[in-house]
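Asker: Residue-level listing of the chains:
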Amino acid sequence: MKIGRSIAIFTALLLGSTAYVAAAEHRVEPGDGANERLLEALILAEPGDTVVIAAGRYDLTEGLSLAVNEVTVRGEGADRTILSFKGQTGSGEGLLVTSNKVVLEDFAVEDSKGDGVKSKGSDEITFRNLRVEWTGGPKAENGAYGVYPVSSSNVLIDGVTVRGASDAGIYVGQSKNIIVRNSLAEYNVAGIEIENSFNADVYGNTARHNTGGILIFDLPNLPVQGGRDIRVYDNNMVDNDTPNFAPAGNIVGMVPTGMGLMVMANRNVHVFNNQFDRNGTTHVLIAAYPNDYTDDKYMFVPRGVFLHGNSYGEGGGQPAGEVGKLISDLSGTPVPDIVWDGVTRIPEYFSWVSAGDRIYVDEADGTTFINLKMISQMLLPWGWWPDTDIKAYKGALPEPDPVKLPQDQGA
Amino acid sequence: MTRLLSALACALWLVMSWAASAHAISDEAILAPRPPKLLSAFGFFDDLKGQKPTAGVLPFAPNSALYSDGALKDRFVYVPAGQAAAYVEGEALDFPTGSALIKSFSFPADFRDPSQAIFIVETRVLLKHDDGWQAWAYVWNDDQTEATLNIAGARVAISTVSADGEALDFTYSVPNKNQCKGCHDVAGTLVPLGPKARNLNFALTYPDGTVENQLDRWQAAGILAGLPAVASIPSVPDWRDETATLDGRARAWLDVNCAHCHRRAGPASNSGLYLTWDEPPGPSLGINKRPVAAGRGSGGRLFDIKPGDPDGSILTYRVESTEPGVMMPELGRVLEDRKASALLREWIASLK
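Chains A and B, in that order, give the protein sequences. Residues 183 to 593, numbered by the numbering used here, are exactly what the first sequence covers, in order. Residues 17 to 368, numbered by the numbering used here, are exactly what the second sequence covers, in order.
If you're looking for bench data, these hints aren't it; they were derived computationally from the structure. Please note that the accuracy of each hint is not assured.
[Stated by the list, open to error] According to the in silico footprint, chain B covers these stretches of chain A (three or more CB under 8 Å from chain B):
#1 286 to 294
#2 430 to 441
[What the hints assert, rightly or not] Which bits of chain A does chain B cover? Going by a derived footprint, with three or more residues having C-beta under 8 Å, they are:
#3 247 to 261
#4 319 to 325
#5 450 to 464
#6 472 to 484
#7 546 to 559
[Claimed, not checked] Think about it this way: if two alpha-carbon atoms lie no more than 30 Å apart in a straight line, the pair counts; the simulated DSSO-like pairs of lysine-lysine are:
#8 Lys479(A) <-> Lys68(B)
#9 Lys68(B) <-> Lys197(B)
#10 Lys268(A) <-> Lys197(B)
#11 Lys197(B) <-> Lys358(A)
#12 Lys283(A) <-> Lys197(B)
#13 Lys68(B) <-> Lys89(B)
#14 Lys507(A) <-> Lys358(A)
Cβ coordinates follow ideal geometry from the N, Cα and C atoms, glycine included.
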């Protein structure tokens, strides 16, 4: 017999043991067999239960997953309960949730091989006081996303910290009804990204030392498109200065070092009361999707963007990368606080853009702006000039209602 | 004397009925709210170790199989007497309550002689209850006399010899309960993957030597109803069959190895990459499609499939990788399916 065999880590577990029938709280302690005990606790939890992960360090080799509704997974602090996936040998993420009404709070996920904490198709999913970090600093080998709800609804991200994601620290994709607040995203390529999503409030966050602070994107060839109704307010987007370390091929790879906020495609995006400072390329870029694509349903230009009441500090002094060069070749350096590529659809270029689809800027005196008029560049290469008259863009759009989440009543 | 004979007859009857019951399928075990601890409790096999099914349990196979580190697979279907699965176009057949699908994964001591010295690692069962399918894995003991229910997953050291004669040592992973649903999932519901009509629609050589189209066989056995003319049902080729078209072989491999997740209602629906058998060519099949959430899985390449350029295609990068966080599929393998990699390269090179 040449086949040796050992069940090295996991033991079979007998169903029907009474431990999981009535108890509402399952406590997992670090130590021998912690990986299988954690897996078992998450698999055998019943709706209404809480899985408590005691303080300590857990060196895990297998990704974790939760598929039971109405479960809370709670650590004893984002600096005390540490799930380390440095030795991970399987699965695409640290923790995957596929069920509804789940709360994840007060623990850390470190060094997962793929994404950190992901929810797919979850309703009422809460990520609270988590830390997701790649401890070796910004590296292309790090996982793509830190906190990663996708195809989910009623998403609450509150008080999380994400560092080192090679795409976006906090990434909400193809989801609806979203709050991202009071969180810190630093040393990621993108700090916070809301992509192909509906009804998002992003407030009270700090996005610093990323390549780009906050991205509001809409991309083609995805099952959910037409992202819209986003409010970004009361955030700090400062000191975004980490060179882009995204693996080539990913759309965030084009974000230049030193971007405060970027709106690409998308619709009805309201940006107000934010503080921008020391972003080397520019504080705000509003742009069309730049690549070729085949997708009849996709709208590649941003529609209805309204900036008002933001504070703009020093910035634009070090335009970086291809995008930075493209802008600064036209604008000069320092690059203005707000840059719009000015791309519209060709028929609209020759007629008009309806009021609800325009770009509006209502900022304090002294705020600088440029419309790069990319379409004119293409159509009238012999006679065009960028537009820096910020007053011409004054106006307003009706603001979307605040996002209300069933799991966030009274907050 | 008469009394003695009757006592003997009675004893004999008892022994026989015991033997018969030991080899009869336990519908109670299939339908119990909690699965039995031991695989033998189902009574699927007359000879457990030899994987000889009991009467009423039919072996089956898809024409193209999922790669699971090269594991040999034995598959069986059981439908309760007097009932039948209903034909469903394009999806798994609709099995009645009480049905079971059984799949054993094993490795020979030497792949140059794969019928000898076979070690069964695990047997997975899908059990159809009134409220849907249940998935469980049973891990075999060293003596190969029994397999025990496993929930949290297991790692099993495999040491064998490849078909090329090279020593092959690796750690095989038995999935945990949640991982079963990582693939067996359509729109949040646990489903079987293999028994789709298009996978069964070919002539299988049965253990008794007969060769028969499986759909015909199932229909004749009374376990499949509502079947349209078999000639009208698509047939996914065996991807290893060099007489099949290159396109058909590549699409067969992708359908069976990727499309359980990469389909519109599958766990990877958010990727926008759909590799099902009937997906028309275009960005949704990956052709000139840019990645969305690939991260380092992009390997620095710009498109999922770049026609004519296997080295510029993310698909080949991820299929050839064995690194967690990069490799695809994410679950179910630690080795590379090298023959499939070569086929996919040839296919992408042929695309224009």
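Asker: Now, for every hint given, state plainly whether the structure supports it.
Answerer: Consistency of the hints with the structure:
| no. | hint | result |
| --- | --- | --- |
| 1 | 286 to 294 | violated (count 1) |
| 2 | 430 to 441 | holds (count 4) |
| 3 | 247 to 261 | holds (count 3) |
| 4 | 319 to 325 | holds (count 4) |
| 5 | 450 to 464 | violated (count 0) |
| 6 | 472 to 484 | holds (count 4) |
| 7 | 546 to 559 | violated (count 0) |
| 8 | Lys479(A) <-> Lys68(B) | violated, 54 Å |
| 9 | Lys68(B) <-> Lys197(B) | holds, 28 Å |
| 10 | Lys268(A) <-> Lys197(B) | holds, 25 Å |
| 11 | Lys197(B) <-> Lys358(A) | holds, 24 Å |
| 12 | Lys283(A) <-> Lys197(B) | holds, 19 Å |
| 13 | Lys68(B) <-> Lys89(B) | holds, 13 Å |
| 14 | Lys507(A) <-> Lys358(A) | violated, 35 Å |
Consistency note: the structure conflicts with the earlier hints numbered 1, 5, 7, 8 and 14.
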